[in-house]
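Chemist: Chain by chain, the residues run as shown.
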Amino acid sequence: MLELIVISTLNGVLFGMLLFLLSSGLTVIFSMMGVLNFAHASFYMLGAFFGYQLTKWIGFWPALVLAPLLVGAVGMAVERYGLRNTHKHGHVAELLLTFGLAFAIEEIVSMIWGKSPVDYRVPAALDFPAFTIFSTNYPAYKIFMLAISVLIFVALLVALKRTRVGLIVQAALTHPHMVGHLGHNVGRIFMLVFGVGSALAGLAGVIAGPALVTQSDMAALLGPILFVVIVFGGLGSLPGAFIASLFTGLVQTFAVALNGSLASAFGPLDPSIGPSVLTDIWNVTIAQIAPVLPYVLLVVILIVRPMGLLGTRET
Amino acid sequence: MTSTVTSASDVAAKPSGQNLRFYGLWVVAAIALVVLPLIFSSGGSLTSFSLIGIAIIFALSYNILLGETGLLSFGHAVHYGLGGFAAVHMMNAVTSHGWPIPLPVIPLVGGIGGLGLALLIGWVMTRRAGTVFAMISLGIGELVASSSLILRSVFGGESGISTDRTALPHIFGWTFGPQIQVYYLIAFWVLVSAMAMYALTRTPLGRICNAVRDNPGRVEFIGYDPHVVRYLAYCFAGFFAGIAGGLAAINFEIANSAYLGAVQSGMVLFATFIGGASYFFGPILGAILVTYLQLGLTSVTSVWQLYFGIIFIGIVMFAPGGIAGLLMMHRPLIRARTLGLVIPSYLVATLPTLALACGVILSIETVARYTVTGGEGNIVKLLGIPFNTTAPTTWGIAAVLVVGGFIVARITWRRIAEAWDRAASIARDRGYLA
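Chains P and L, in that order, are what the protein sequence lines are. Following my numbering, the numbering of the first sequence begins with 1 at its first residue and continues without gaps. Following my numbering, the numbering of the second sequence begins with 1001 at its first residue and continues without gaps.
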């Protein structure tokens, strides 16, 4: 039991930090431009596939730097040529544009790399067990992933809170017109923020690709969870996104690891004489409902606290 | 100068001739629905018509949310699917218990299924509009779709639940075995639902929905609760989506979890938006086009969904009113008789735009089939000309078409915009809004 708790906590924190790499970009983009970027998870997928392809050509370490930059460039192009032109039609049009993009990117990826998973492997330099805990080998690559995400988290925090650029970005979040009057090019700030957000998503893809499955449906699988995370944390709140990411990561990891069901907990009270729906619910294991849990969380938080955990505004 | 267009006077003093024209339109639609299968009587076209009919009801129901109330839902298929499952379970129950319920009533059961779910989840969902509603609808959609795989006894797991539509009590000797009878059943429900949904847009509720879409704060000031209005609109949308789902269940004789999924929700959004959400007939156009493309493109290309995505992005960026919006833009020009000023520039733009489209199609197909080796797999037939996707000449042609087409087409598009401005300003001078 202790083993399960330790390993699951590690995995959960790891998954949570990965989610935060994505949700942080999404949150900053949302609070700045009012656009919920549907294609954010697609940038994550692009990162994974670029990482795979570049690893094949030039090795993992250059790919780790180049792939996020490429994804960032794609993101900036999307902002400059897509969103900026759509802005005049309103937020719904922008949301729909990113929705169409997400759809198109998935199709393009499956067209180029096929629909089956690609063979994106952990680099040889990191392919060893980092430590052994309760007779389970914990892979070094996961520690590496954790280190990278924590590093980015700290860097993001410092950049936003301690630098001049961060100051301008924070100002542009709430008072874009004032920032514009002070002589800053708000359009370019938006483009840069969008690019950095996409690059972060791409980085998450590059490092998550080898550990998870790199496949053309990975964006569609992660995307809805990502939205749950940022609604749960409170739209536009970075600390909220952080807490919600970790929480969702832990909940999902623990749910997958646990194998209990109502039947195993309250065996003798079997309602098999009742309608068969009850039997279904009775026999389902926690691991089976793991994919549903984030959405249940979403519904619960919306009923209890509609603005999300740390959200301040009713959008 | 007798009919200067202002919508208020339009509604107030509608001449009786216009009323006649309005009812005539429905009669013509009804006749068209009856006559269509007599002209195109092959099995394939009957199946297509049935699918299009279902898609029309579904898209119109979606437009109650998107077009009328301004709610962007990413999970509308939930009601469609629930309607389908309700219909299938009802049909099986009718068969096994021998109840005297004929098949034509079953879509109503589907509608009640969709409505039931809407009543249940709608109150929480419609608390807020805009982006938050979109996110919640996505989450709820995923929730229901994933739950459907857990509750096997209701949703039948991966394989779904099948039924037999011919086993229900027959009326007037109709067994509903042949596709033509199913088509007429669907056509009947299309007409009834379309009329009901059109009537809904004319009721005070429909009008207040429009007001909630445009300015919820103002609606609150005059004493309506936008939340309640959104909830009612959501319930109506759920009901009609359920009817569409019930018809789909009858048509395919099966309901499975794919009915509820994100793909189905995405398709109805595409159909509605491509057709145009701001006019009642927009979703009808969109449903016809999308279903037709879906059926037609799958046999031609393996990446047909990519074309959907591209068309959708193009519509969102350049014509947010959809096809209906594009068509209706020309109405004031036709009335002011200045359409002739625009048509020459359209004709000039056709060729480079087509070249650009061909270039894009050729590039996409080249990439898609590049990895296919051997046989006819890597031959693209475009306009009857075979292109080998591994040959550099094909890549060259595609590049020239895309780049050259784009440069020339952009010039012609600018000319369209200029001609359009001229025509529109003349129309405005003559007293027609443009």
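FYI, nobody ran anything at the bench for these hints, they're computed from the structure. This structure is a prediction, so every number in the text was calculated from the model and none was measured. Even glycine gets a Cβ: it sits at the ideal position worked out from N, Cα and C. Please note that a few of the clues may not be correct.
Stated by the list, open to error - Some chain L residues close to chain P (C-beta under 8 Å, calculated; not the full set):
#, residue
1, Gly-1130
2, Gly-1266
3, Phe-1273
4, Leu-1293
5, Gln-1294
6, Leu-1297
7, Val-1300
8, Val-1303
9, Met-1317
10, Pro-1320
Claimed, not checked - Pair ranges (Cβ atoms, derived):
#, chain 1, residue 1, chain 2, residue 2, range
11, L, Val-1124, P, Gly-180, 34 to 40 Å
12, P, Val-304, L, Glu-1253, 40 to 46 Å
13, L, Gly-1431, P, Val-304, 54 to 60 Å
Chemist: Against each hint, give a clear statement of whether it holds in the structure.
Modeler: Structure-based check of all given hints:
1. With a cut of 8 Å, the hint placing L:Gly-1130 at the interface with chain P holds, because the nearest CB-to-CB distance is about 6 Å.
2. At about 7 Å, the closest approach between the beta carbon of L:Gly-1266 and any beta carbon in chain P falls short of 8 Å, and the interface hint on this residue holds.
3. Checking L:Phe-1273 against chain P by beta carbon gives a least distance of about 6 Å; that is within 8 Å, so the hint holds.
4. Given the 8 Å rule on beta carbons, the hint for L:Leu-1293 is violated: about 14 Å separates it from the nearest Cβ of chain P.
5. Contact between L:Gln-1294 and chain P, as hinted, is not supported at the beta carbon level, the nearest pair being about 14 Å apart and thus beyond 8 Å.
6. Annotation: interface hint on L:Leu-1297 violated; nearest CB of chain P at approximately 12 Å, more than 8 Å.
7. The beta carbon of L:Val-1300 comes no nearer than 15 Å to any beta carbon in chain P, farther than 8 Å, and the hint placing it at the interface is violated.
8. For L:Val-1303, the suggested interface contact is upheld, since its CB lies about 5 Å from the closest CB of chain P, less than 8 Å.
9. Hint on L:Met-1317 holds. Least Cβ distance to chain P is approximately 6 Å, under the 8 Å limit.
10. Interface restraint check: L:Pro-1320 against chain P, minimum CB-CB distance 5 Å, threshold 8 Å, status holds.
11. Checked against the hint of 34 to 40 Å, the C-beta distance between L:Val-1124 and P:Gly-180 comes to roughly 39 Å, which is consistent with it.
12. Distance hint check for P:Val-304 and L:Glu-1253: the Cβ-Cβ separation is about 43 Å, which falls inside the suggested range of 40 to 46 Å.
13. For L:Gly-1431 paired with P:Val-304, a C-beta distance near 56 Å keeps the hint of 54 to 60 Å intact.
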